[in-house]
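Colleague: Listed below are the residues making up each chain.
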Amino acid sequence: MTETAKGPRIRMETRNITVDYGNGRGVRNVTLSFEDRKVNALIGPSGCGKTTFLRALNRMHDLMRGVKVTGEALLDGEDIYAPGVDPVTVRRRIGMVFQKPTPFPTMSIFDNVVSGLKLVGIRDRAQLAQVAERSLRQAALWDEVADRLKSPASRLSGGQQQRLSIARALAVEPDVLLMDEPTSSLDPAATRRIEELVGSLKKDVTIIIVTHNMQQAARISDVTSFFLDGEVIESGPTDQMFTSPTDERTEQYVTGRFG
Amino acid sequence: MNLRRRYWRDRVMVGLIILASLVVLTPLLIVLWYVASQGISALNLDFFTKDLGSPTRAQFGQPTGLAQAIAGTFVIDMTALLLAVPVGIGAGMMLAEYKEHPLNPLLRVLNDTMNGMPAILKGLLIFTLVVRPSGTFSGFAGALALGIVMLPIIARATEGALTLVPWSIREAGLALGLPRWRVILAAVLPVARPGLVTGVLIAFARAAGEAAPLLLTSLGNNFLPRNPWNPLEYLTKAADTLPQRLYSLAVSPYKQWHAMGWAAGIILLLLVIVVFLVGRYLTRRNP
Amino acid sequence: MRTNTRPGGRIGDKVFLTALTIFGLSVVAIAVLMAYTLGRDSVEPIQRFGFFGFLTGIRWDPVSGNFGAWPFVLGTLITSVAALALSFLPALGLAILSAEYAPKWLATGIDYIVDLLAAIPSVVLGIWGILVLAPTLRDNVYRPIYSWALENAPGQVAWLGNPTGYGLVTATLILALMIVPYTTALARDAIRLVPGEQREAAWGLGATRWEVLRMAVLPYARGGIAAGAVLSFGRALGETMAVAMLIGNSSRLPLTLFGPASSMPSVIVNEFREAVDALHLSSLLAIGFYLFIISLVVNLGAAWIQRRLVPGNAGV
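From first to last, the protein sequence lines stand for chains A, B and C.
Using my numbering, you'd call the opening residue of the first sequence number 1 and step up by one each time.
Using my numbering, you'd call the opening residue of the second sequence number 1 and step up by one each time.
Using my numbering, you'd call the opening residue of the third sequence number 1 and step up by one each time.
These are calculated hints, taken from the structure and not from any lab test.
Treat the hints loosely; a few may be bogus.
As the list claims (entries may be wrong) - To give a feel for the contact side, a few chain B residues facing chain C, derived at Cβ under 7 Å:
#, residue
1, 27
2, 90
3, 93
4, 148
5, 282
Said to hold, decoys possible - Below, in silico cross-link-like pairs of lysine-lysine (DSS-like), each with a Cα-Cα straight-line distance of 25 Å or less:
#, chain 1, residue 1, chain 2, residue 2
6, C, 14, A, 68
7, A, 38, A, 100
8, B, 99, B, 237
9, A, 100, A, 118
10, A, 100, A, 150
11, C, 104, B, 99
Backbone N, C-alpha and C define an ideal beta-carbon position, used for all residues, glycine too.
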């Protein structure tokens, strides 16, 4: 555990992470640190590499051919890219929610939520039911589905499906939750519910969220990092980033002059 | 469940999947090998120029071959093609270009049904409709039966190929003031042509390998007709074809006939493989 | 659709549509004719023995004029069900290999080979079966087992049957090989169509490769996989030549493992030329009629399954 003498605890940090797609796009030398139980937003125009960077944090690039990741990503002080580190375990500790809600359509709501638990062999019904309720409450979905846990997940609305995906990710009790533009396919009402959710979730997990919506970043995050053309231009407390950024390009982006 | 067991299970599954695939692929290779090696010795000039005659010919080493089956296959399959292609392409066009027509849903269901029907039933149909009333087995009946085998395949492939043509092409034609029929024939059809040709080829290859419908319609003939160059001789009387003859040779007790059966297998396999490759080549040019 | 103003175009459209309609109607006519003529020519035996009586009659005796199709129905069902059971997992394995694990060049190769397998004429597999597979099985499998049973388990001999090499087992093996491509093709396409997000969701939960398949991919693709299996089954039911060449062709009930049997298509092909008597011939045609009905039901079932089980369509 990396800790300064009296300061905040760093849960996750990266040192010179570079993701090379072989065609020039990607990210270069990203060095950031993420405080425990804070909401960290990654913003920037489309194509700037924020999603690419996010996916490096749980080794999702391992699954793609021809992508090279270099640098270090430390979770509680240990590099997840070190040789001998098991990616499957990494992805349990660092969960992910995607842009499109992706419940498994052939499973019920309940089975969806506990699917991550079943992977590690937890079968005890009582335990599963307990975790399911806890995660669904955390995701602010319990009240709406408690009476129909066995019905197909595909019947839920888009916003509910996304909250289900969040519950599913939370069920395995990750240390960090990565969110890749989780509200961009949802309507404003559903978006607002998820934004409220993020606020309450940070009690339990460290959140790193990519968003193309600056106002969203301003609303819900504690720390914001600005990406441009594959590099981090600036990073700091959200208030400061939006009111008095240091770099000129940051200022131009947050005032809407490009993006 | 701990991680090592899960990874171990992962590897086991990959192994099983590869094993399962080999279980399928190995017999296939064995079959191809046997056909090639057993049949090659019987593929001589006589095979292509002499007809079969009675078993004694083969048993006593007299010249014998499958010329009548090769010729019969050619005549009957070509006739079937001539019958099936216009109707099949027409039906396919109907399905693809006139979706609003009331006939369409019925046509689609029945075409798909016919596609899934065993070929022997198509032979039974022609037997009942043509062979029985006319009192004779004939190559033409065989061609009709094979034509019915080809028909749904061509219709479906045609519909598929035409549907893939972007709507913008039709719009462009209509905007030029062309009538609908000309838009279809002059603008849409040329774009869909590779898909159409592939469909016809596939249908041809399927029908060329069928024996059951022919056993019930053209029946078979051990001899070349008096005038082997006249197609009508094959169409008006019982005629021989390679698939049906292969069957007869295989179930016969004569070793020499078995050898010719393998050789017929080589011809059929080559036919199928060539058509298959040509079809692939055509569709690869237009992804 | 814009109407055109040139009269020649309008007449041309009418003529064209008429031609196409005629072609379309031809297809319809052929299908309807098939149902009609098969039904019409089956009238005599069905009237004589009853619709279900003919189907379930256990004696097929041209000499005495008694015709019951049950031996052939049983033969068809046993070989088809067994062939499906045998071929399903290997076919699915091939599909998974091609769609998930293999690099592009290998996947293309596998697809070619599977298509090639589907294209091999039935008679070619049949001649290999008659001249190679059956004798090999007879000498290396059936006869040894039979001899062993003669000495050690004489009670089982009757059920094992005469090991000529031509019977249910041999026919089922060839049939299983022949129907693999239909399951593989549909399963492979269904697996390929599973959206990437589904897989990523499973990966993101910390699943291994096989677990991703089991949890996210295969359930999503189950409609196509099931449709492929049903299609394979339909093909097995109607497969004629290879089965006719390998099943031994006995018109008795197929109660033995190694002994000869028959299927519905095989008996038609085998007895067709000898059926001089009118009742015999119409009984064979009646078998064709029943085969038609069974085939129709199975094909419609496949279409229905694909509609019900594919996510996004009614109900999942």
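Colleague: Determine for every hint whether it applies to the structure shown.
Modeller: Each hint, compared with the structure:
About 6 Å separates the beta-carbon of residue 27(B) from the nearest beta-carbon of chain C, less than 7 Å, and the hint is met. Taken as an interface hint, residue 90(B) checks out: its beta carbon lies about 3 Å from the nearest beta carbon of chain C, inside 7 Å. Checking residue 93(B) against chain C: minimum C-beta separation of about 6 Å stays under 7 Å; hint holds. Using the Cβ-Cβ criterion of 7 Å, the hint placing residue 148(B) at the interface with chain C is satisfied: the shortest such distance is roughly 6 Å.
For residue 282(B), the interface hint is violated, the least distance from its beta-carbon to any beta-carbon of chain C being 14 Å, above 7 Å. With a C-alpha separation of about 62 Å, the suggested pairing of residue 14(C) with residue 68(A) is violated against the 25 Å cut-off. Our distance criterion of 25 Å between C-alpha atoms is met by residue 38(A) and residue 100(A), whose separation comes to about 24 Å. This hinted pair does not check out: residue 99(B) and residue 237(B) have alpha carbons roughly 42 Å apart, beyond 25 Å.
Under the criterion of a C-alpha separation no larger than 25 Å, the hint pairing residue 100(A) with residue 118(A) is consistent with the structure, at around 23 Å. Only pairs whose Cα atoms come within 25 Å are accepted, and residue 100(A) paired with residue 150(A) is accepted, the gap being roughly 22 Å. At most 25 Å may separate the alpha-carbon atoms for a hinted pair to count; residue 104(C) and residue 99(B) exceed this at roughly 37 Å.
The structure fails hints 5, 6, 8, 11 (numbered hints given earlier, in ascending order).
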